[in-house]
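Chemist: Residue numbers (numbering that gives the first Met the number 0), protein chains in the order written: chain W, 0 to 268; chain Z, 0 to 282.
Hints may be right or wrong, so weigh each one.
Result set (DMTMM-like, lysine to aspartate or glutamate): computed pairs, CA atoms no more than 20 Å apart in a straight line [claimed, not checked]:
(1) Lys125(W) / Asp249(Z)
(2) Lys154(W) / Asp177(W)
(3) Lys125(Z) / Glu34(W)
Hints were generated in silico from the structure; no laboratory data involved. On a predicted model such as this, the values are computed, not experimentally measured, just so you know.
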Amino acid sequence: MKGVNRILLVALAPTLAVAWGVPFIYSVWTAIHPEKYSARFTWNAPITFANFLEAWQAAPFALYFVNTVILTLLILVANLILCTLVAYAFVRYRFQASGLLFALIMIQLLITPDILIVENFNTLAKLGLTDTIIGITLPYLTSAFGIFLLRQTFKTVPISLDEAAQVEGASTWRVLWDVYVPLAKPTYLAYALVSISFHWNNFLWPLIVTNSPETRPVTVGLSIFATVESGVEWALVNAATLMTTAPLVVAFLIFQRQFVTNFMRAGIK
Amino acid sequence: MISTATRNRERLLGLLLVSPALLTVGLLFVYPLGFSLVTAFTGEEGLWTTANFFKAFEFYSNDILFTVVIVVLSTILIGLGAIAIGGYLTLGEHPVAVAILKWLYRWPLFIPFIVAGQLMRTFLAKNGLMNNIFVSTGLLDPLQTTSFLDWRGIVITFVWKQTPFVALLVAGAMASLDRSMIEAARNLGARRFRILAEIIVPQVQPTIVIGLILSFVVMMSVLSVPMMINAQTPTMLTVDMAFRINAYGDYGVANALGFISYLMTGVVAWVYLRQGVRAGGAP
């Protein structure tokens with residue numbers, strides 16, 4: 000009986016792993032084989048990249064990728080700067096209503112900007128920023144999650160280091176740049192990957208704000224393949240899907256170890 | 000002793016550092032939140048009214064219930080999945096099995112919801128991989144296959160996409176626990192399931208709750224998955240909001256539906272804050 004339990008327990012891991020891996024593996028299979036093999040799994044099925052080529056030609060994906068890279072990087076740079084300043088202020092300075100302001104920022108964690116799209120769209124229209132990449136980035140320039148993670152990390156920096164730097168004559172900016180930022184590098188890396196992943200993947204807000212190919216990100220471009228169930232060419236859909244997500248998967252493969260370690264270390268305690 | 004001048008300087012500097020972030024939060028979070036609440040309670044003539052809410056409940060009460068059931072069910076399954084994965088990674092004794100699980104479970108972290116929706120459409124459709132497997136293994140006859148592109152598909156996609164995020168947090172918290180208590184329980188003959196349920200899970204409960212709340216909020220705001228997987232009624236509130244705006248330009252009812260969504264996340268936030276206060280620390 001003990002042996003059976005042991006086998007069942009050992010089998011649990013691959014079962015869970017397969018449950019999470021199969022949809023992705025299936026997607027790869029259909030994307031690199033002709034349509035007629037999308038439900039036939041034979042070893043001699045011919046491999047083809049025609050689906051990727053066809054998907055690439057169905058929409059201006061090169062432009063969509065450029066737009067996505069620009070908007071993702073704009074948000075990341077703004078997040079890193081603004082979240083650093085806010086986290087530092089909350090950790091090292093006492094100022095009026097700091098608790099209330101922190102709570103206000105943290106409420107953002109519980110109400111995602113997607114729910115506020117109607118009014119945010121109106122605000123952008125008033126500012127003349129609809130159908131612009133800047134318009135897509137605006138609601139995400141500050142991240143409550145980033146502030147929270149950095150605040151947690153900055154709290155672990157000994158105050159004596161801060162004071163020693165000040166005694167040496169370092170300015171506030173110098174202390175922040177030379178003491179806090181280097182010590183929070185793992186958190187920055189973990190947060191950067193989360194931010195890039197989230198904004199690369201964001202769909203609803205860019206869909207509402209953009210209406211021309213010049214500003215559309217890849218996820219919105221991908222939605223042209225999102226037709227009804229009947230008559231869908233799965234091979235084409237999956238090729239487009241994999242193409243869209245490929246940069247993130249490559250980044251994940253490169254930074255996998257650092258990401259997991261740092262995210263766990265910087266995680267919510 | 001901190002002088003008044005230093006204290007004033009600190010106050011000013013603190014506010015100065017926070018102000019750029021506050022400006023964006025004020026303009027694109029507090030203002031739209033307040034304005035959407037006002038619009039939800041304003042009629043076509045510009046007078047205060049609850050008509051938008053009556054209309055929202057009249058047309059979409061099934062969808063409200065559907066959204067609650069889908070998100071709550073998904074949250075529960077995500078929690079169980081995350082505990083199972085975290086527990087296996089912490090207590091698993093077979094290194095190869097642990098390594099396989101560790102390598103594969105994280106993939107959905109980097110897959111966008113819209114892509115997850117696409118993958119699941121191909122996977123769960125009547126002619127998709129899942130049914131093909133059932134047919135080829137003899138579990139189902141081809142005529143017996145059914146599409147899972149309905150509420151089940153939404154739940155499966157949410158669980159598939161969000162479990163790795165919570166599992167990553169939970170596994171990290173489990174890995175940082177003091178192993179001595181686990182080893183002591185093992186030495187006393189406690190089974191792994193009991194160790195997980197009675198020793199490990201209670202200690203990592205705050206992390207599980209935070210991960211689940213963040214997932215709950217994210218799932219409440221996803222449009223692509225219900226739009227792509229469940230092309231029928233009832234559907235989720237995000238789809239209804241998009242429909243009211245695109246089809247009728249009806250911002251009043253759309254904002255009323257948005258307000259109902261905040262209430263749901265607000266209840267979750269309240270539970271979380273209450274737990275934080277009870278625990279005696281900052282949430």
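Chemist: If a hint holds in the structure, say so; if it doesn't, say that too.
Modeler: Comparing the hints with the structure gives:
1. Lys125(W) / Asp249(Z): 19 Å, holds
2. Lys154(W) / Asp177(W): 16 Å, holds
3. Lys125(Z) / Glu34(W): 16 Å, holds
The structure agrees with every numbered hint stated previously.
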